[in-house]
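Asker: Protein chains in written order, with this note's numbering: chain A, 1 to 330; chain B, 1 to 261; chain C, 1 to 291.
If you are wondering where the hints come from, they were derived from the structure by calculation, not from laboratory data. Errors might be hidden in some of the hints.
Reference excerpt, derived from the structure (chain A facing chain C, CB under 10 Å, subset only) [as the list claims (entries may be wrong)]: (1) Met85; (2) Phe126; (3) Glu128; (4) Leu132; (5) Pro151; (6) Leu178; (7) Gly285; (8) Met289; (9) Val290; (10) Tyr292; (11) Met299.
Even for Gly, the Cβ is constructed at its ideal location relative to N, Cα and C.
These are the residues of each chain, in order.
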Amino acid sequence: MKDKLYGVLAPVKKYGLFVAIGILALLPMVVSKTYILGLLCRVLMYATLAGSLNVINGYSGQMCIGHAGFFCIGSYVEAILATRMGISFWVLLPLAGAAAALMGLFVALPTLKMRGVYLAIITLGFSEIIRLLALNWTDVTGGAMGIKNIPVPRLGGIEFSNARTYYYIFLAIAVLFLFITRRVIRSRLGRAWMSIREDQLAARSLGVNTPAYKAVNFMYGAFWAGIIGAAYAPYARFIDSTIYTLDEGFNILSMVIVGGMGTLTGPLAGSVVINVLTELLRPIGQWRMVAYGVLIIVMMWFRPQGLIGASDSVLAGRDIKMKKSGEGAK
Amino acid sequence: MSGILRANGVCKYFGGLKAVENVDMEIARGDIFGIIGPNGAGKTTFFNICTGIYGPTKGSVYLEEEEITGLSPDKVAAKGMARTFQNIQLFKYLTVRDNVKIGFHLHTKTRLLDAILHTKAYQQDEKMIQEASEAILERVGLIQYRDSMAGMLPYGIQRKVEIARALAIEPKLLLLDEPAAGMNPQETMELAEFIKSLNAEGHTIALIEHDMKFVMNTCNRILVLNFGKKICEGTPEVVKADQGVHEAYFGKGIIAGEAVK
Amino acid sequence: MEYLLNQLVNGICQGAIYAMMAIGYSVVVGVVGMVTFTHGEVIMIGAFAAYYAFEMAGNHILLGIIFSFSAAWLVGVCVYKICYEQFFNAPRNISMLCTIGFSMVVKNLAQIVFGPNQKPMLNIVDNKIYKLGVVQISTVQIVVVITVVVSATVLSFFFNKTRWGIRLRAVSQDKTAAYMVGVNVKRTAMVGNCVGCALAGVSGMLLSIYYQTLQATMGGSLGMKAFSSSVLGGLTDIRFSALGGLCLGVIETLGITVSSASFRDIFAFIFLILMLLIRPEGFASKKGARP
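Whole structure, please, built from the sequences with the hints as guidance.
Answerer: Pasting the structure below:
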């Protein structure tokens, strides 16, 4: 929220943004390796997924650590309704988001008036319950065998059946997410969320209905996670419960923590860093997760707000030094 | 009665501890009302009950004759009571201007869809907030600090920012919890003048304070608490002369004679 | 009826272990003042420490207790130095996230070192069945309950009758006040953390002896159960946390008799939700009512 800074940088940001989107849109035509395209798809997908978690953890200061649960709900809603009832992908996208948002409300409701750690634990438990349901409710979810042959999205003759085409779906969702979220953050809602993050009691005493705003915030984050889940299912063509583990939730959390909390670009950076690291560290298998854990610890020690995180918030964790009398006017 | 805030028989017990015991209070429109008492007398607890942070164990609170007992702090704020805190709960990492902007939350109505679609409601709100926050900062004399990080400013300035933020609510009643705490005599005097000028503009103000001189100079009516009980209510002269007040502060004996000057 | 009574016994035994986990958790949160996500992994480490003790030196329960206690204590020192020491004055979220990172490291290292599969831990205790009227109790169950009760008694004595106990209680009530009367707050917090972790370690051993199996991934759900049990005690009250653990054990055991074993963890979750809906602040002893 540095108004002056935004004032100066606005033109640069505006054009820079379009240039960046343009480059991203042209990328698949230049890149030939499917492997790289797959990586790009993953980066874009996780940019939105981490972004949705950042809205919860970074902007309102709540603690959700079971984000995989909403991702899972989105995927399964899409997969089940698409395979069983042939509903169009484009209808299912927002539907899955709404389903995830509704679940988000149920999850957050008991803990809205309590300390943050209770929400964190509930999201953990919720994530596991969803996974267990996906694993055991065989009639609906296919159980351990998952759901296969998920229909490919079609739009005006184009079949989105490979990474090269699906890239645009992930890109479109990411751009839409950023655009919408930016507008929300810079409005009364975003200000209310940030006031809750900075000092909940003060916010409440200024008239902010903190439980209601926390709930809306949580649902917003869950909504977009559900959308990404729904987008992911036809991309993978096959889903089962093994994708949506607690580790996956920690994977997304790492992106937010490393990349940055409380800013729009932080989760993007986190997605790039973690996904590239995943590729580079693939040979070492499980040591990757150890590396992420170490990364989180290192971040908490030296830069709690993340690489591109909100340095002007409680997330940065440092004490403010008061200037002496007379100083401070700008 | 043209009372703004009325408390009837308010009690607050924390288990066996009687923090507030049967306190009645009436603040009239246009008052600068002081609440004083030795440490631990229950002043802040009483404030917290009025603003909805606690519900009272017994008793009721009325704002402009409308009962607000037990309402949550945000609803109390919506009814028109704003407050500041003893240990300055500013949004330390946000700028002064952003702190004040949040104060306008109650007077704006942008919803999720408005924000996404940049509807008229959104645009009007943003324009209003921008102009109104400038106005308040001008009025309060903080315009030169508007882009400073709130937590880095001197204590006296921070206190003013907190008051400015509370004023954004356009409150019927402004409650200040130990506004002069941690201030040097110069800052305290400036604060007293500031409060009086706010009052002259029509704001009703209630404050908790320890600084006797400050209270005697600024307030037109005072309530004295000790051990959670009311021991005196009235004008500064009445309170100065009250025997119970003397005993509360200075105990019994010769030295008590050298009381408040 | 007889079946139900036996399941009740099983539930109480399971509950005793959960109680011990919960006691450990509430000691950590109470003394350090920060919430942790590492408890499940500490339980797991304790189990593995006992496993290797038994492998190397035979099935002596006391040996297992010593090893699991010590290994968990050491892990506690690491957790303290990495996740708590720096962050006493920082926002609580930071230490919380740090413990999440720590648990990720331990959990995945354990899977790498010990392998991800279940390991059998057979017949540590010479298991006989005793009949008490219609109810059957096994030696293992008796050992478990005795260990828990003895540990709780020792802990109670430690807290109430020793110098260290007073320090721990002081630090858990008000760190600044404790500091001002000369208590070394940092060292005391570390000791408190280690005591809680050590209890977790021993409960890990008990769990793996009881179920005759252990696995590097067992920590996650166990940590959640420790937390869920402690909610009854407001996360910090030892007695009510223990009670919570007992209730959870009984509810869980009775629950899976009417559904299936794979729904075990769901009952912990339901228990947690119920607690949060009915009495979210638990029954903690109020640490002084300063508003």
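Asker: Okay, which hints does this one fail, numbers in order?
Answerer: Violated: hints 1, 5 and 6.
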